[in-house]
Amino acid sequence: MVLRIGVLSAVRHAADYLRILGQDERVELVAVAEEPSAPDWVRADSRAAAERAGVRYTEDVEEVLDPERVDLVVVCGAPTRHARLALAVLLAGIDVLVDKPVATTLDDADALVTAAERTGRVCAVVNRTHAPALRRTRAWVEAGHIGLPRHVDMELLASGAHFATSVERPELVVDPALSGGGEVLNFLGYCVDAIGYLTGLPVREVHAFTGTLFSEAHAAHDVEDSAVVSLLLDRGVTATVTLGRVPFAPGTTPTTSSLRLLGSHGHAVADDDKPAIAVFGPDGADALVADAGQVALERYLRHVVDSLTAGTVPDYTVHEARDAIAVIDAAYRSAHSGDVVALLPAPTLSEGPHLAG
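Sequential numbering of the sequence shown, starting at 3, is according to the working numbering.
Keep in mind the hints are simulated off the structure, nothing from the lab.
Ideal placement from N, C-alpha and C gives every residue a C-beta, glycine not left out.
Please note that the accuracy of each hint is not assured.
Claimed, not checked - For each label pair, taking beta carbons as the anchor points, the in silico distance ranges come out as:
| hint | residue 1 | residue 2 | range |
| --- | --- | --- | --- |
| 1 | Gln296 | Gly56 | 14 to 22 Å |
| 2 | Arg120 | Asp308 | 20 to 28 Å |
| 3 | Glu173 | Gly213 | 16 to 24 Å |
| 4 | Leu93 | Gly56 | 26 to 34 Å |
Make a model of the complete structure from these sequences and hints.
What follows is the structure, encoded as structure tokens:
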């Protein structure tokens with residue numbers, strides 16, 4: 003089976019998606035489409051992405067909203083457009099893969115969940131749960147090497163030194179009209195995903211502190227460049243997240259992440275920048291080295307193609323992404339009020355290992 007893929011807007015991360023999907027022999031890239039009403043720079047960027055990938059460009063959006071021509075549409079626009087464009091794809095009766103964040107408001111995320119359920123279509127969302135270090139860490143948890151998870155510390159930092167080159171247009175991160183928020187919206191979802199993936203537990207309470215400590219671009223748009231977020235999960239498990247865009251992150255790549263999982267009988271440390279994972283416990287130590295950042299994306303996109311060609315649902319969809327948006331929403335409310343924010347009703351995470359009993 004050949005999976006016919008169209009792209010609806012291509013202004014952020016699109017180059018990597020087009021490259022990876024274009025290398026898959028099971029994929030036919032049909033076209034990159036952009037709304038004719040989009041600003042000139044948006045249409046120019048989408049056209050340029052299509053030309054670099056050798057894919058036809060069109061401003062007839064209906065071409066990629068035709069289930070007779072396209073099996074999957076990739077939405078890769080400014081974050082504030084993601085939910086609206088993804089909703090149009092679902093209502094056209096086509097599966098959709100959405101760049102993160104899937105939405106910039108919880109209401110929009112809920113609307114996508116409803117649309118996916120009503121149409122029976124897949125709404126997959128780009129994420130990093132296929133990172134090799136994270137996958138290996140969960141395998142060690144499931145094998146019982148660290149006992150029951152009790153606490154997770156996670157750090158995700160982007161280096162400001164790479165800002166102008168690693169982000170196609172910095173305004174897509176700092177201008178709320180395009181980004182929907184600051185670095186909490188940009189990065190916290192990855193961290194919530196990782197914590198949920200390792201523990202299988204939903205978040206119950208959120209306490210967040212945000213600031214604009216380093217970046218003039220963020221300050222000019224009144225959005226945060228950094229945050230510290232405390233999470234209370236089911237069964238009394240706790241987590242802390244430090245995230246942000248700092249002048250020089252502790253790594254050699256634009257974005258680095260690491261986590262420590264403390265268990266009842268040991269702990270695991272995973273570092274995506276080296277990238278490596280080291281596990282310490284009664285059974286000794288284990289290490290894995292891989293290019294986790296790009297591999298995570300490549301593996302997830304391949305997983306989406308695998309799933310759709312086999313007629314199954316990918317392991318991360320709008321349902322999991324909605325849970326992350328709920329935590330992000332609570333983090334912003336907590337940062338603004340200074341209070342701990344409870345998640346009621348609690349988000350429902352996808353089935354996980356549930357090992358923290």
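Hints versus structure:
no.	hint	result
1	Gln296 x Gly56: 14 to 22 Å	holds (21 Å)
2	Arg120 x Asp308: 20 to 28 Å	holds (25 Å)
3	Glu173 x Gly213: 16 to 24 Å	holds (20 Å)
4	Leu93 x Gly56: 26 to 34 Å	holds (30 Å)
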